[in-house]
Amino acid sequence: MTRKSLSRRDFLRLSALTAAGAALAGCGPAPTPTPEVVKETVEVPVEKTVVVQPTEVPPTVPPPPAPAKVVMFGVGQGEYSDDELNAFLAQARYVSEVERVEGDATRLRAMWAAGTPPDAWRASGADVPQYVALDWPLDLTEYFNTSEVLKPDDMAPAVGYFQYEGGWYGMHKDFSPDMSLQINVAAFEEAGVPVPEENKIYTYQDAAGWAEALTKREGDRTLRIGWADNDYWDGTLQTVLMEEGQDLFVDDFTRANIKDNERVVEVLAYYADLAKANVMWNPLNPSPSWAGDDYVAGRAAFIRYGYWMHGIVIGANEEDLPNPRDKFQMRPGLSWGGKVAVNPPLGGAGWFIAKPTQVPVSAWELFEYYMGGPPAENRARSGWGLPALKSLYALIPQDTPLDKQWYDSVMWELENTVQTARQLNPFIATGNINSAWVTNLELYLKDEVTIEEAIANVDKEVNDALKERINALYGG
Amino acid sequence: MAVIRDIQVALRERGPKERIPWRKAKWFYLFILPWMVGFLVFTLGPVLSGIFMSFTNFDGMHFDKARFVGLYNYVEAFKDEQAWWGFNRVLYITVVSMPLGMAISFIAAVLLTQRVRGRGVFRTIFYIPSILPITAVVWVWKLMMDNNYGLVNAALDAVKPGTYLRWLTEYPTQVLIMMGLWGATGQATVYYMAGLQSVPKELDDAALIDGATGWQKFRFVTLPLVTPVIFYQLVMSVLGIGQILVQPLLLAGGIGGGGGGSGLGAIPPRDNYFYMVHVFNRVFTYFRFGYGFALLWLLFAFALVLTLIVFGTARYWVYYEVGQE
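Sequence order for the protein chains is A and B. Its first residue numbered 2, the first sequence is counted upward by one per residue in my numbering. Its first residue numbered 2, the second sequence is counted upward by one per residue in my numbering.
Hints in this document: simulated from the structure, not taken from any laboratory. Hints are supplied without guarantee of correctness; some may be wrong.
Cut-off 35 Å, straight-line C-alpha distance, at most; resulting in silico cross-link-like pairs (DSBU-like, lysine-lysine) [as the list claims (entries may be wrong)]:
#, chain 1, residue 1, chain 2, residue 2
1, A, Lys461, A, Lys260
2, A, Lys328, B, Lys143
3, A, Lys468, B, Lys80
4, A, Lys201, A, Lys152
5, B, Lys66, A, Lys447
6, A, Lys152, A, Lys405
7, B, Lys161, A, Lys217
8, A, Lys340, A, Lys405
9, A, Lys70, B, Lys66
10, B, Lys66, A, Lys468
11, A, Lys461, B, Lys143
12, A, Lys461, B, Lys80
13, A, Lys468, A, Lys277
14, A, Lys260, B, Lys80
15, A, Lys447, B, Lys143
16, B, Lys66, A, Lys356
17, B, Lys143, A, Lys277
Among chain A residues calculated to face chain B with C-beta under 10 Å, some are [stated by the list, open to error]:
#, residue
18, Ala106
19, Pro153
20, Pro289
21, Ser290
22, Arg300
23, Ala430
24, Asn435
25, Thr440
26, Glu449
27, Glu469
28, Leu474
29, Tyr475
Here a beta-carbon is modelled for each residue, glycine too, at the ideal position from N, C-alpha and C.
Build out the structure end to end from the sequences listed, making use of the hints.
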C-alpha cells in the first residue's frame, strides 16, 4: 500500500472537522438514560415457601451491576462535609465515588445545556415547576414509596413543593415557614412598644405601627430601622392571597393578576407607604448588608425570615451582639386579616435527581442517606432549619431557653398555620416580580410615578415576561 | 530541533512574496493547531453562535425549542426604554470618567517619573488598587460610602455635624466613578510612565539648548512622543464602553436579603442601571438569551464604530517616530 502524504487541503479539512466535532459535542443532547431492564415474570409454585427479601430499591429500576460514581452539584462542605461523605462511601453499596461540583444556577444551566447534567443537584423547592417544565428531574415517586428510610407519611407538609403534577421530584434537606417574625425584644423594650405575645398572630397593620415606633434616627441618619423585611415580594403577595384562597396567577399560569387584584394593590401600596415613611429598608435607604445581619447587629428591630435565623443567632459571638442573646426571639408570621393564617416555606432548599442520569440507583442511595441518614440528623441538631422528616423533629435543639422559645414558636406555627406549598409559576422565576417591583418602587419614591403607575408597570413587566417565556417554550 | 531548523531554513530561503512549501509549512500549522482549535471552539464558535442566537428566541436552555425570529430582538431593543436608559447612563459615565481617568493617570505618571524621594513607595501605592479583587474593592467602598453607617458620612458629620449624604442612592454613579478612578488609575499610570521614560533624553537636552522652557519642553517634545500611549489608552477605553456590570451590582444596597436584594441578584439604583446591567437582568432573570445577544451585538456595533472614528482621527494627533504607510 502506497502511503500518501497529507495534503494541505486534507490537513485543513481534518482540522475543521475536528474543531466542528468538538464544538458540536457541546451542543449535543443529554446522555441517554440507561434503558430500564424489565424483570422477567416468574411463576412461583404455590406450595413452595418463598422468602421475601426487603425491597432495597424500587422494583422498576434494577440496581446497577457495580458501584458507580455520582456527580453531586451545588452541595458545599458546609452542607455535606467530607467526613460525612466518607462515612457514606464507607458503607455505600452502589456508589464508588462522589464528585462534588460547586457552582450556581448559571453553571447548572450550562451543564444541562452541554448535555452533561449532574446526577443529583441542590436547588430550591420553588424551582420545581420550572425544572419539571424543562423535563430535568427524575420522578422519584416509586423510590419514596418503597424506601425504608424516607417514608411518605413521615414527610413534613412542606415537601409538597416537590410533588408537582402527579410526580414527586425530590425533598427538602431542611425547611422553615419563611414568613415568621424574628424580633429584638430589647428594641421593643427600649422604644416602649409592647412586646408581641408568643403564639399570637398579629396583622400587617400592627407591624406597620411597630416599624414606625421602633425606627431610631439621628438627624437624617437611620440608626435602627424598624422593620428589615425580606425581599420575597412574590411570596408576600402569594401568602396574603392564600389567606383568602386566591392566587397571584390565573389557573394556567399564563397571566399574573397584579393591577386588577384589589388585595395585591393594597399590599403593594402598603409596602410603598412603609418605604416612603422610611421605616423599612428601601431603594433610597437600603441595608448596608442584609436583613439578617442587621438583626443580629442591632440595626433592625424585627425582621421576617425562617427558623434558620436561629442558627445565625446562636452562631453569633456574644460580644458582637447588641444585647443578651435571649432577647432575640421568634414570633409567628403576620396576617392580612384573611380567613386563615398562612405561613408555608416559600421554597426551601432540597435535592433533585436528574432524569437522564445513568446511575439512578446510586444517586438515590446518596440522596436517601443524605436526607434520612446521619447527615440529616446532624442538620436537625444544628438548629439551622427544620428537618423534612417529622421523625427528626425531636433532634431540633431545645436545650437553652432561647432554643426552646424558637422551637416552641415554630412548632406552634406548623400546627396552627397553613403549610401548603404556594402555587409556583413554571414560566417565570421569582426574580421577575422582585426585579420589576424594586425598580418601580424606586421610581415611586422619587415621585417619578404614582403608586398606581408603579403597580401597572409591574403588572406589564411581569406579564410581558410571562408572554415571552411561554412564546419561547411553546411558540405562538 | 530538526523541525525548528527546517522552519528557520525555509523562512531564510523564501523570497519576499514566495510561499513556504507545504512539506515544511506543515510543521508551522501543526504547532499553531492547538491555538487554532482553541480559537475556533472557544472564541469563533461562541461568537458565531451568538450572532445566530440573536435572531432566535433562545431561552438559554432549550436549543430544541429555539425558533428563528428574524430581526424581532433587534427591533425590540430599539423600543426598549430600559435599554436606552442604560445606554444613556453608559454615555454619561464614559464622558465623565474617561477623560478624567486619562488625565489623572497621565498627571500621576508625570509626577511619578520625577526624581523625588520615596518614588518607589508612591508607585507601589498607586498600583496596589489595580491588583485588588473587585469584590473586595466594592465591599470596602460600600462600607465607606454607606448612607447611615459609612466612614465618609461619619467624617463629614465630624467636620460639620448634621451632614448626611445618601451616597449610594442619590450619588451612586459618582461613587462608581470615584471607585473606578481609584482602582484603574494605577494600571494606566504604568503605561504612561513607560511612554514617558522612553522619550529620548537627547531630545530634552536639544530642547533645553534651544532655550525651551519646562512647559514648552513638555508640550512640544514629551507630549507628542507619548501620544501613541494616549491613543492606546483611548482605544482601550472606547472598547470598554458599556462593559460596567459587576461594580454596580455589588455596590447596590440590599432591600432585604432573600436573593433579590443583594449580590448579583441586586437591582442597582436607577442611576447605576447601566446597559450591561440591563442585559444581565434580561438574560439571567428573564431568561431572554436571544434578546440579550441582540443587545450585546448592538453594543458591539456601537463600540466598533466609535473605535473606527478614534482610529480615523489618529493621523491628526498621534505622533509616530517611524514613518506611517
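Each hint tested on the structure:
1. As the CA atoms of A/Lys461 and A/Lys260 are separated by approximately 9 Å, the hinted pair is consistent with the 35 Å bound.
2. For the proposed pair A/Lys328 and B/Lys143, the alpha carbon gap of about 29 Å is at most 35 Å, so the pair holds.
3. For the suggested pair A/Lys468 and B/Lys80, the alpha carbons sit about 17 Å apart, so the restraint of at most 35 Å is met.
4. For the suggested pair A/Lys201 and A/Lys152, the alpha carbons sit about 32 Å apart, so the restraint of at most 35 Å is met.
5. At roughly 41 Å between alpha-carbon atoms, B/Lys66 and A/Lys447 are farther apart than 35 Å, so this suggested pair is violated.
6. In summary, the hint linking A/Lys152 to A/Lys405 is supported, as the alpha carbons are separated by about 27 Å, within the 35 Å threshold.
7. Between the alpha carbons of B/Lys161 and A/Lys217 the distance comes to roughly 21 Å, so the proposed pair stays at or under 35 Å and holds.
8. Under the criterion of a C-alpha separation no larger than 35 Å, the hint pairing A/Lys340 with A/Lys405 is consistent with the structure, at around 29 Å.
9. Under the criterion of a C-alpha separation no larger than 35 Å, the hint pairing A/Lys70 with B/Lys66 is consistent with the structure, at around 32 Å.
10. As the CA atoms of B/Lys66 and A/Lys468 are separated by approximately 15 Å, the hinted pair is consistent with the 35 Å bound.
11. Using a Cα cut-off of 35 Å, the hinted pair A/Lys461 and B/Lys143 holds, with the two alpha carbons roughly 33 Å apart.
12. Only pairs whose Cα atoms come within 35 Å are accepted, and A/Lys461 paired with B/Lys80 is accepted, the gap being roughly 15 Å.
13. Restraint check: the Cα-Cα separation between A/Lys468 and A/Lys277 comes to about 32 Å, which is no more than 35 Å; the hinted pair holds.
14. For the proposed pair A/Lys260 and B/Lys80, the alpha carbon gap of about 23 Å is at most 35 Å, so the pair holds.
15. Only pairs whose Cα atoms come within 35 Å are accepted, and A/Lys447 paired with B/Lys143 is accepted, the gap being roughly 22 Å.
16. Simply put, B/Lys66 and A/Lys356 have alpha-carbon atoms about 19 Å apart, close enough for the 35 Å limit, and the pair holds.
17. For the given pair, B/Lys143 sits about 23 Å from A/Lys277 by alpha-carbon distance, which is consistent with the 35 Å threshold.
18. With a least beta-carbon distance of about 8 Å to chain B, the hint placing A/Ala106 at the interface is held under the 10 Å criterion.
19. With a least beta-carbon distance of about 30 Å to chain B, the hint placing A/Pro153 at the interface is violated under the 10 Å criterion.
20. Of the supplied interface hints, the one on A/Pro289 holds, with its beta-carbon coming within about 4 Å of a beta-carbon of chain B, less than 10 Å.
21. For A/Ser290, the interface hint holds, the least distance from its beta-carbon to any beta-carbon of chain B being 7 Å, beneath 10 Å.
22. For A/Arg300, the suggested interface contact is upheld, since its CB lies about 8 Å from the closest CB of chain B, less than 10 Å.
23. The criterion of a C-beta within 10 Å of any C-beta in chain B is met by A/Ala430, whose closest approach is roughly 6 Å, and the hint holds.
24. Residue-level restraint check for A/Asn435 holds (minimum Cβ-Cβ distance to chain B is 4 Å; threshold 10 Å).
25. For A/Thr440, the interface hint holds, since its Cβ comes within 10 Å of a Cβ in chain B; the closest pair sits about 6 Å apart.
26. The restraint placing A/Glu449 at the interface with chain B holds, with a minimum CB-CB distance near 9 Å, inside the 10 Å limit.
27. With a least beta-carbon distance of about 6 Å to chain B, the hint placing A/Glu469 at the interface is held under the 10 Å criterion.
28. For A/Leu474, the suggested interface contact is upheld, since its CB lies about 6 Å from the closest CB of chain B, less than 10 Å.
29. Because the beta carbon of A/Tyr475 sits about 8 Å from the nearest beta carbon in chain B, less than 10 Å, this interface hint is met.
Checked against the numbered hints given earlier, the structure breaks hints 5, 19 and satisfies all the rest.
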